[in-house]
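Dock the two chains into a complex; use the hints.
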Amino acid sequence: MAGDRRKITDAVMEAVIRFSGITTIVFVVLIFVLLLRNGLPVFRYTSVPKFLFGRDWLPLSGVFGILPLILGSLLVTAGAVVIAVPLGVAVAVYIAEVAPPRVKEFLKPIVETLAAIPSVVIGFIGLLVLAPVVQRLFSLPTGLTAFTGSVVLALMALPTITSIAEDAITAVPRDYRAASLALGATRWQTIRMAVVPAARSGIFSGAMLGIGRVIGETMAVLMVTGNAAVVPTTIFEPVRTMTATIAAEMGETVQYSPHYFALFAIGLVLFVITFAINLLADLAVRRSMASR
Amino acid sequence: MVAAASMAARNRPQAEDLRLPVHGTARMNNRTRELIAFTFLRLSALIVVLPIALIICLLVIQGAPALSLKFLFSYPSEGMRAGGIFPAIVGTIYLVLGTIVFAVPLGVMAAVYLSEYARPNALTRLIRLSIVNLAGVPSIVYGLFGFGIFVLLLGFGVSLLAGSLTLALLVLPVVIVAAEEALLSVPQTFREASLALGATKWQTIRRVVLPNALPGVITGVVLAIARAAGETAPILFTVAAFYLPRLPRSIFDQAMALPYHLFIMSTQVPNAPPGIQWGTALALLIIVLGMNLIAAVIRARFRRRRPW
Chain A
6 MAGDRRKITD AVMEAVIRFS GITTIVFVVL IFVLLLRNGL PVFRYTSVPK
56 FLFGRDWLPL SGVFGILPLI LGSLLVTAGA VVIAVPLGVA VAVYIAEVAP
106 PRVKEFLKPI VETLAAIPSV VIGFIGLLVL APVVQRLFSL PTGLTAFTGS
156 VVLALMALPT ITSIAEDAIT AVPRDYRAAS LALGATRWQT IRMAVVPAAR
206 SGIFSGAMLG IGRVIGETMA VLMVTGNAAV VPTTIFEPVR TMTATIAAEM
256 GETVQYSPHY FALFAIGLVL FVITFAINLL ADLAVRRSMA SR
Chain B
490 MVAAASMAAR NRPQAEDLRL PVHGTARMNN RTRELIAFTF LRLSALIVVL
540 PIALIICLLV IQGAPALSLK FLFSYPSEGM RAGGIFPAIV GTIYLVLGTI
590 VFAVPLGVMA AVYLSEYARP NALTRLIRLS IVNLAGVPSI VYGLFGFGIF
640 VLLLGFGVSL LAGSLTLALL VLPVVIVAAE EALLSVPQTF REASLALGAT
690 KWQTIRRVVL PNALPGVITG VVLAIARAAG ETAPILFTVA AFYLPRLPRS
740 IFDQAMALPY HLFIMSTQVP NAPPGIQWGT ALALLIIVLG MNLIAAVIRA
790 RFRRRRPW
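As you go down the protein sequences, you meet chains A and B in turn. In terms of my numbering, the first sequence opens at residue 6 and continues consecutively. In terms of my numbering, the second sequence opens at residue 490 and continues consecutively.
If we strip away everything but chain B, and leave its shape as in the complex, we get (with noise of 0.2 Å):
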């Protein structure tokens, strides 16, 4: 309290400041502030809730009319002006099918790595550096990496192996972080419960931490998938495909993807009609924004039913 009220004085240099409201005045200036700072306050909020408010009213009203059956479960046609977007859609669960095998494997791995293993030292506090890193890494360098590295050097082509394999390093730090914090958040008693039944570590992640942990960890690979299907940067070069006649049939062709197909559909077909661009990006919107909510359910279940 002591050093909390020194510290508040030192950041006090006015005098006027330092005083106590004696007269009314001053105490009314001082209301006066308040009101005016706080009306900015609420004003800066409702200046951010408008525009996102905006956006998704144009996508709904704008997009809703386009989205038929018809128009989720065709292939464009007359030179991508008509038809619609089947081979998008399944382009990118194909693509979030191997982001997902190859992502949530390894960075559920890091996770047990740094909530049952790790110690705090050097190596560790590198570990957390490098992922902080990897979740600042801009998706077109994952792009430029995924490129050199896989459809390159490694030679898997323009392919959804090479674009999986990009995606799922993009979205490794999403699924260690929130697979740590459910890790984290399992009672350390289990842990110690079931080692004096003679259980080893490995027994007792297994089969007590891990399954308690699971919904969080469920929680984080949604996100993943919300955020491999949406990107676009990293699949330019990796696997997007501006017209595909048919499915891809292996793991080394090419795919038509969702968020490439907007972007080509609202800047490189010239007189692409409106109906098209509004009902791909609502489809999209749909996609990403269902996957953060059912996150966001499980999350939300996962805390009101936890045992402990």
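For reference, chain A alone in the conformation it holds in the complex (with noise of 0.2 Å):
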């Protein structure tokens, strides 16, 4: 009789276990559902097009037209991964390859502390002290531009790409640089010609991890990029990205109404942008593994 409740407790268990597996799931699908129940129904009010490319976004007057809000989002992105991605492998082959054990062990905390840092407080100090030496910089009527934002979310992406980039490099095996070494390359050469290239769909994996929390991001974007939802022209006007939209905008509208459910459109945007950029980078990694 013992025997028989300990086989019925480990079978209720298994199905227990296997169910909080395949939750994880349930959880993807169920945004997914959501955001497309909640954020569909704008287009009873507009047409697709006129949603995403109309120029105009005066969600009191009914107009959703999110191409400034796409175009914020991506001119900050693109400002952040221009200063992020080369600094960030920098560092990682800094890390990896040329840096002694003991400043190693001193770097590596440093850019996981970085990680940690809330948005809430970067975006703090960017409003207090970034924007200012902006404005002052390049003389500017306001120091909260896309430009500020752009540092901002580079500092924010640099500890995903280093520490992935870092991985894929230290992963590279011994063999290669041994091998190169011996053909007389120097320590550089070998560094440039057979380890990171070596390393290359790691490195790209981080790249986009990087940029997937780049677009992502809320509330630092929405302290220091300005917000303005007009169609950027330069890099030092504010702008204002689909985050920063839907986290200004969300608590003031009335439910179920065409502001609300443009809102939840802009998620689903993001939601689909987002998912897209870890399938890829889930897919480098993949690739990666399978030709070790």
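Derived from the structure by calculation, the hints contain no laboratory data. Note that the Cβ used here is the ideal one computed from N, Cα and C, for glycine as well. Each hint should be verified, as a subset may be incorrect.
Quick list of in silico lysine to aspartate or glutamate cross-link-like pairs, EDC-like style, CA-CA up to 16 Å [to be verified]: (1) B/Lys690 with B/Glu605; (2) B/Lys690 with A/Asp9; (3) B/Lys690 with A/Glu102; (4) B/Lys690 with A/Asp172; (5) A/Lys113 with A/Glu102; (6) A/Lys113 with A/Asp172; (7) A/Lys109 with A/Asp15.
According to the in silico footprint, chain B covers these stretches of chain A (three or more CB under 8 Å from chain B) [as the list claims (entries may be wrong)]: (8) 65-78; (9) 266-280.
Here are some chain A residues the structure puts well away from chain B; computed CB gaps all over 12 Å [said to hold, decoys possible]: (10) Thr28; (11) Val53; (12) Phe56; (13) Val87.
Here it is as structure tokens:
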């Protein structure tokens, strides 16, 4: 009898555990369905092209064109990528290949610390310290610009890019380095022509995840980019991103109004973008694992 | 070795690179190039370290004078322009506790599934992909989701319950990844010994695998606490209140929270005294980095004391 009860407990627990594993899939589907259900109704009031490519975001007048918001997000992200990807990869190479052990032990926790600082704290520093510097440096009417956002976001994407790229570089077999050095290459030639090319899938994956983090970042961007929902012409103007729009306006909308639906539709666009980016990064990691 | 060498050669199309440095000047060139490249690498490390050091020094220098016991244990007053951050601290503690209650059991069970039950098939692959995606969903989208499903659809209202559930979803991948790593680090022989003694699979997991993985699981939980305590976007419309004259009394009450408090003190309250802003920022940073430090210490001790 005792044996029976043990077997029953075992079966029940296996079912519970299996269910817990599967809930992760359920949650992703649930998020997607909820965004669809609350986002798609906006197309009763506007069309898909008008929504995606409309140049005016005037929610109070019922005009929902998210082009300025998409361009705002893209501009800020592009700026952050230009800064963070080369810098992040360089730091990864330095930590993995060049730095003496003591420096390495000092650098890694520092980069990890940066990843742990809450985005609202980074935004706060950006608002109080960086924005005035940007304003004075480029003599602008305001320091709250796309450029300020890019700098802040670059800082936030760096830990992701650096740690994943560093893992990829460290995982390159020692033989590659030995073979290259034995051929008479210098350490730098070895890094540039043997090690980094062999780690490129992992580096790519780190860059993608960094971009994913940047596009989805909300609070810091809301605080430092100035929030002007107009199509940007330069990076030294205030912009408004998709994430900041949701954060700033959701609290003031009437439930199930066109504006409410429009904000969920923006959420849907964001979800689809980050889903695609994560899929790409994941495929790159799998490819690099398969080739080992 | 041969493959590596041929690969290295393939990646070097220029003829000059293929030749071994024969005379002194070529060698000099390569050495100089290396020196320049390494200098750039060192410089980039410096460029990254400086802002981090600057941020932390600024927060400590500007925030420390404000952090008195009175500041930590009193309510905001005079239209948020004086007083302290007590209700925001308490609100964040409640939120974190709520998050842990929901996220830890589910996250640990999911990790047990992945490490003990899952076979390498399409379902497992899909679960892993889902976890990667949950980790990548922007925090504001979690906010939208929590608002749509917990606040409106399930009718919890703007409440601690809705906020905790939303944050729980957000930290779920953190818990799963850390717990799975800890479970996988328990040697296979432990499981075999337990099963050979006649224990069932669940008994083995509960009495042998989980206890041995506990420090790793706790590391994950502490990291999840740090993450939940610092997030703002998911709580904007699910729980956060601008100001409350009293502490929340039930899970259906709204709450103030430290990150949201910092946000409103720096953007929504005109002429807020800098002391309150920097003090709030430093308090939040201490909680979040403190949790990360605790996680790092547990992990390090666990690695050193591991009996196998």
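Right, here's what the structure says about each hint:
For the hint pairing B/Lys690 with B/Glu605, the CA-to-CA distance comes to about 9 Å; that is within 16 Å, so the pair holds. The suggested pairing of B/Lys690 with A/Asp9 holds, with an alpha-carbon distance near 14 Å, which does not exceed 16 Å. For a cut-off of 16 Å, the pair hint linking B/Lys690 to A/Glu102 is broken: about 44 Å separates their Cα positions. Distance check on the hinted pair: B/Lys690 and A/Asp172 sit about 34 Å apart at the alpha-carbon level, beyond 16 Å; violated.
Between the alpha carbons of A/Lys113 and A/Glu102 the distance comes to roughly 13 Å, so the proposed pair stays at or under 16 Å and holds. For the hint linking A/Lys113 to A/Asp172, the alpha-carbon distance of about 12 Å falls within 16 Å, and the restraint holds. For the hint linking A/Lys109 to A/Asp15, the alpha-carbon distance of about 47 Å lies beyond 16 Å, and the restraint is violated. Here's how the stretch 65-78 of chain A fares: 0 of its residues keep a CB closer than 8 Å to some CB of chain B, so the rule of at least three is not met and the hint is violated.
Remark: the stretch 266-280 of chain A is confirmed as covered by chain B, as 7 of its residues place a Cβ nearer than 8 Å to a Cβ of that chain, reaching the required three. Not every C-beta of chain B lies more than 12 Å from that of A/Thr28, the closest at about 7 Å, which undercuts listing it as non-interface. For A/Val53, the requirement that its beta carbon stay farther than 12 Å from each beta carbon of chain B is met, with the minimum near 20 Å. The Cβ of A/Phe56 lies farther than 12 Å from every Cβ of chain B, with a closest approach of about 17 Å, so its non-interface assignment holds.
A/Val87, annotated as away from the interface, keeps every beta carbon of chain B farther than 12 Å; the closest lies near 14 Å.
When each numbered hint is compared with the structure, violations occur for hints 3, 4, 7, 8, 10.
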